[in-house]
Amino acid sequence: MCMTLCLMYNERKLFSFFLDQFIHPQVNLDRDEASRRKSASTSSLISLIKEEKKGGGGGVGHHHHDHNDLDGKELVEIEVDRRSLPRSSTATTPLSFLRPEIMEAPLLFNNGGGNIGADDDHHTSIETGEILHHAPTTLASGEDGSTDYPKVTNIFEAKSICWIESIKLWTIAGPIAFNILCVYGINSVTQIFVGHIGDVELSAIAIAMSVISNFSFGFLLGMGSALETLCGQAFGAGQIFMLGVYMQRSWIILLVTCIILCPIYIFATPVLKLLGQEDDIAELAGRFAIQIIPQMFSLAINFPTQKFLQSQSKVAALAYIGFIALVFHVFLLWLFIYVFGWGTGGAAFAYDISGWLVALSQVAYVVRYCTDGWHGLSMLAFHEIWAFVRLSLASAVMLCLEVWYMMVLVVLTGHLKNAVIAVGSISICMNINGWEAMLFIGINAAISVRVSNELGSGHARAAKYSVIVVIVESLLIGIFFMALILITKDDFAVIFTSSEELQKAVSQLAPLLGVTMVLNSVQPVISGVAVGGGWQALVAYINLACYYVFGLPLGFLLGYVLKWGVQVIYFSFRHSAHTLPILCLRIICLC
1 MCMTLCLMYN ERKLFSFFLD QFIHPQVNLD RDEASRRKSA STSSLISLIK EEKKGGGGGV
61 GHHHHDHNDL DGKELVEIEV DRRSLPRSST ATTPLSFLRP EIMEAPLLFN NGGGNIGADD
121 DHHTSIETGE ILHHAPTTLA SGEDGSTDYP KVTNIFEAKS ICWIESIKLW TIAGPIAFNI
181 LCVYGINSVT QIFVGHIGDV ELSAIAIAMS VISNFSFGFL LGMGSALETL CGQAFGAGQI
241 FMLGVYMQRS WIILLVTCII LCPIYIFATP VLKLLGQEDD IAELAGRFAI QIIPQMFSLA
301 INFPTQKFLQ SQSKVAALAY IGFIALVFHV FLLWLFIYVF GWGTGGAAFA YDISGWLVAL
361 SQVAYVVRYC TDGWHGLSML AFHEIWAFVR LSLASAVMLC LEVWYMMVLV VLTGHLKNAV
421 IAVGSISICM NINGWEAMLF IGINAAISVR VSNELGSGHA RAAKYSVIVV IVESLLIGIF
481 FMALILITKD DFAVIFTSSE ELQKAVSQLA PLLGVTMVLN SVQPVISGVA VGGGWQALVA
541 YINLACYYVF GLPLGFLLGY VLKWGVQVIY FSFRHSAHTL PILCLRIICL C
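First residue of the sequence shown: 1, per the UniProt record's numbering; consecutive thereafter.
Hint data in this document are derived by calculation from the structure and do not stem from the laboratory. These figures come from a predicted structure and were not determined experimentally. Check each hint, because a few of them may be wrong.
To be verified - If you anchor each label on the Cβ, the simulated ranges turn out as follows:
| # | residue 1 | residue 2 | range |
| --- | --- | --- | --- |
| 1 | Leu544 | Ala364 | 47 to 53 Å |
| 2 | Leu377 | Gln508 | 53 to 59 Å |
| 3 | Phe267 | Trp163 | 53 to 59 Å |
| 4 | Ala545 | Gln508 | 56 to 62 Å |
| 5 | Thr153 | Leu377 | 48 to 54 Å |
| 6 | Lys159 | Val200 | 51 to 57 Å |
| 7 | Tyr320 | Leu486 | 32 to 38 Å |
| 8 | Gln508 | His196 | 20 to 26 Å |
For each residue, glycine too, the CB sits at the ideal point set by N, CA and C.
Please build the complete structure, drawing on both the sequences and the hints.
As C-alpha cells, this is what we get:
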C-alpha cells in the first residue's frame, strides 16, 4: 500500500508516458488523417459559435457553414478554446465535451478495422452511430470539468484513488482470473491424471501440450487479443454495436488460422523426432496431438467470444462457465481413464469435449444476454479482413514470442541426459508457474480492459493510475507465491507424480521456481497495458530481444556447452525474460 501511494504521489516523474502517448492509441492513423480530423473539429466548433451568435441556442445541428466571415480574433479564440478542452479519444469529438447532450460521434474504426474516421468522400458501411452508453466509471471530476481524476496532491488523495482503482481492477480481474485458472486447470488435471499412468506418458503428454498445443494456443490467443484493443476502446467510446462485428471477424480469421496450423498436429511425431526427442516419447506425443485437434478449433471460437465479454466487463459468466467445465472435465477423465481404461486416448477425448463445452457455452451466453452488442451474423464481418489481420498478427507476435520461448525450453531439456526425468521436472515446475501465470493473465486482461475503456473515454490519468496500482499489487502477489513454493518445495511434486526420483528433481528446481514467481509478476501487467493502448508492436520487438537474442543463446551455452544441467537452463531461460518488464518500465519512465 505504501509503495502504491508513493508511486502515485510522484506521478509527474513515473509513468508520465501515458499522459502523452496513451491518449490517442489509434491503429493505422497517419498524420494526414490526424490533420483532417483537427480541421473538422475546428470547423464544427466554428459552426457552433455562429449558431450561438445567431441566437440558435440549443444543440448543434448538421449545418455546414463557411467560416470565412469570422475575423482573425474570433478564430484565435476558437482555437484556444479547442485546445483547452479535455483531451479525448479519437472516438469522441471535442463537441461532446463542449455539450454533453451531443450523442453522435464517428466510429472508432471503420468496418474494416483499419483507418479511423471516414470523410464524406469515402463512405464506410456505418459512418456514424449513436453512443448507446458511456464507459462504466466513477472517476472524480477534474478541474477542467471532465470525469478524469484530478492530479494527486497529497497522500490522502493517493490513498483514496488507490482504493477506488483496486476495487475496479479486482471487480474485473477476479472473475477473469478465476475463469482462466479453471481453463488452465483443465490442462493441469489432464497431466495429473496421465502422470499417474507412467513417467513416459507424463513426458509425452507434457511435450504434446507444452510444444504442439502451446504453439497453436499462443498464436490463436495472440490473434484474438486484437479484440482487446478494438472492442475495449469501442466500448469505452459507447460504440457497443460494433463489438459483435469485430467478434465475428475474429472468428473467421482464427478458424482459417486453425486450418493452417493443422499440419503441425498431424506431423507432430516426425517433427519431435527431428527436434531430437526420444522415439517412444515422440510417437506417443504425436498420437495425442492428432487426437486434440478438435480442441484447437474450439479456441478459435473461445478466444474472440471471451474478449467480447471482457471488453464490456461481463466477466461473471466466464467464471461460472470455466468452473463448470473444470468439474465436468475431472469427471470425464475419471470416466475415460479409470472406468473405461482408454489411457491417453481417453484424456485427449475429455480434453476435446471440455474445450468445446467452454466455447459453445460462451456463445450461448452472448446470443441470449448480450443483445446490445450482438445483432446476429453480419456480412460486415467479411469486409476488409486484411486490415484486421494486420492488427491480429501484431498481437500474435507479441504473445507468441513469449509462449514459444517456453516451448523451446521444453524441447532443449529433452536433449539432456536422462531426458524423461529432465522433461518431467521442468514440466511440473512450468505447470506450477503456469497456475500463477494464469492469475496474472487475468490481471493482464483486467488492466487491458481498464486502460482501453478509459482511453476510449478520454481519461488518460485514470489509465495511468490504474497501471500504478496493478503493478504494485502484482508484485505483492508474486512475493506471496514465492514464499508458498519455498515452504512446500519438498512436497508439491507429489500431486503430479509418484516417482521419488522425479520428486527429488523438482525439489532441486523449487528455489529457482520461487524466484521466477516474483519476477514474472510484472511482465503480464505491462503486456496488458500494451494491448489496451495499442502498443503491441513495440513489446514484440522487446520480446524478440529479451527471449531470443539474450535468453536462448545463454541457456544453450550454459546447459549444453558447459553442461551445467537442467537447473541452469531453467534459470537462464526464465530469468533472461525478466529484463522485459524492466525495459518496458524504463521506456515508459523516459518517455
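Broken hints, by number: Violated hints (numbers, rising): 1 and 4; every other hint is consistent with the structure.
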